[in-house]
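Participant: Sequence:
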Amino acid sequence: METALYLPVKRFLENLGFTVKGEIGGCDLVALSGDEPPVVVIGELKQTFNLELILQAVDRAGSSDEVWIAARMSMRGKGRESDARYRNLCRRLGFGMLAVTGNGQVEVIVKPPTTAPRRNLKKRSRLVAEHRRRQGDPAMGGSTRAPIMTAYRQQALACASALAEGPRRVRDLKPQIPDAPKILLHNVYGWFDRAERGIYILTDAGRAALKRWPQHVPIPAVEVADAAR
Numbered sequence: 000m001e002t003a004l005y006l007p008v009k010r011f012l013e014n015l016g017f018t019v020k021g022e023i024g025g026c027d028l029v030a031l032s033g034d035e036p037p038v039v040v041i042g043e044l045k046q047t048f049n050l051e052l053i054l055q056a057v058d059r060a061g062s063s064d065e066v067w068i069a070a071r072m073s074m075r076g077k078g079r080e081s082d083a084r085y086r087n088l089c090r091r092l093g094f095g096m097l098a099v100t101g102n103g104q105v106e107v108i109v110k111p112p113t114t115a116p117r118r119n120l121k122k123r124s125r126l127v128a129e130h131r132r133r134q135g136d137p138a139m140g141g142s143t144r145a146p147i148m149t150a151y152r153q154q155a156l157a158c159a160s161a162l163a164e165g166p167r168r169v170r171d172l173k174p175q176i177p178d179a180p181k182i183l184l185h186n187v188y189g190w191f192d193r194a195e196r197g198i199y200i201l202t203d204a205g206r207a208a209l210k211r212w213p214q215h216v217p218i219p220a221v222e223v224a225d226a227a228r
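Under numbering that gives the first Met the number 0, residues 0 to 228 are what the sequence shown spells out, in order.
FYI, nobody ran anything at the bench for these hints, they're computed from the structure.
Don't take every hint at face value.
[To be verified] Lysine-lysine pairs mimicking DSSO-like chemistry, simulated, CA-CA at most 27 Å apart:
no.	residue 1	residue 2
1	K77	K45
2	K110	K121
3	K121	K181
4	K110	K77
5	K173	K210
6	K110	K122
7	K110	K45
Bear in mind the structure is a predicted one, so any value in this text is a computation, not a measurement.
Go ahead and model the full structure; you've got the sequences and the hints to work with.
Facilitator: What follows is the structure, given as structure tokens:
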């Protein structure tokens, strides 16, 4: 699976000074440098170097400063990584190319150019915002079947955890969970119900979500009865 390639490529980019997180904005991985504005690197993973991997990289190119494609090195080293035509195509398109060996080592086959590509600034800014808002790196790059742990889902789970002990006021949640008002109002996952104006409770679906993704949110409990005082 592509997820087996994620950690070796993540370590490779971290050694270059990037902060790497998986499954952001449909990309297998997004890496940011510590600069301001940051250098944005997108990585796409496949078990083998193929046309689909190139097409994914083409789709991501406008959202980033660099695109790296990565695949498992063939058993005898005679796969596409050794095909001069494939390497030259990556060079012409401006993509970096990485091969991951059986023992988890990463070999650079093609380096991306140093010239800046044309950017889609709107897509790029969305990737940067999601990367920075997401707590930790909860999603392995290359995942296809499990729900992606986005920053929005993380905050929704934080709201659910806070409501697990009983009704809470929106204004008491907002200092620790900035998006709490819109998350509770829109109730995308069906985890919340409004008990009365400004006060929410957790639904059975919300309790099931907490069993799947256990949380701990250090938000001081406030008695709802005290809210009216």
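Participant: Tell me if the straight-line CA distance from K110 to K77 falls inside 27 Å.
Facilitator: holds, 19 Å
Participant: Within 27 Å, alpha carbon to alpha carbon, are K110 and K121?
Facilitator: With Cα atoms ~26 Å apart, K110 and K121 stay inside 27 Å; holds.
Participant: Could you grab the alpha-carbon distance between K110 and K122 and see if it respects the 27 Å cut-off?
Facilitator: holds, 24 Å
Participant: Given the hinted pair K121 and K181, is their alpha-carbon gap at most 27 Å?
Facilitator: Measuring from Cα to Cα gives roughly 22 Å; hence the hint holds.
Participant: Is the hinted pair K110 and K45 satisfied, with a Cα-Cα distance of at most 27 Å?
Facilitator: Answer holds: K110 to K45 is near 18 Å, not above 27 Å.
Participant: Are the Cα atoms of K173 and K210 separated by 27 Å or less?
Facilitator: This hinted pair holds, its Cα atoms lying about 23 Å apart.
Participant: Tell me if the straight-line CA distance from K77 to K45 falls inside 27 Å.
Facilitator: The given pair, whose Cα atoms are some 17 Å apart, holds under the 27 Å limit.
When each numbered hint is compared with the structure, no violation occurs for any of them.
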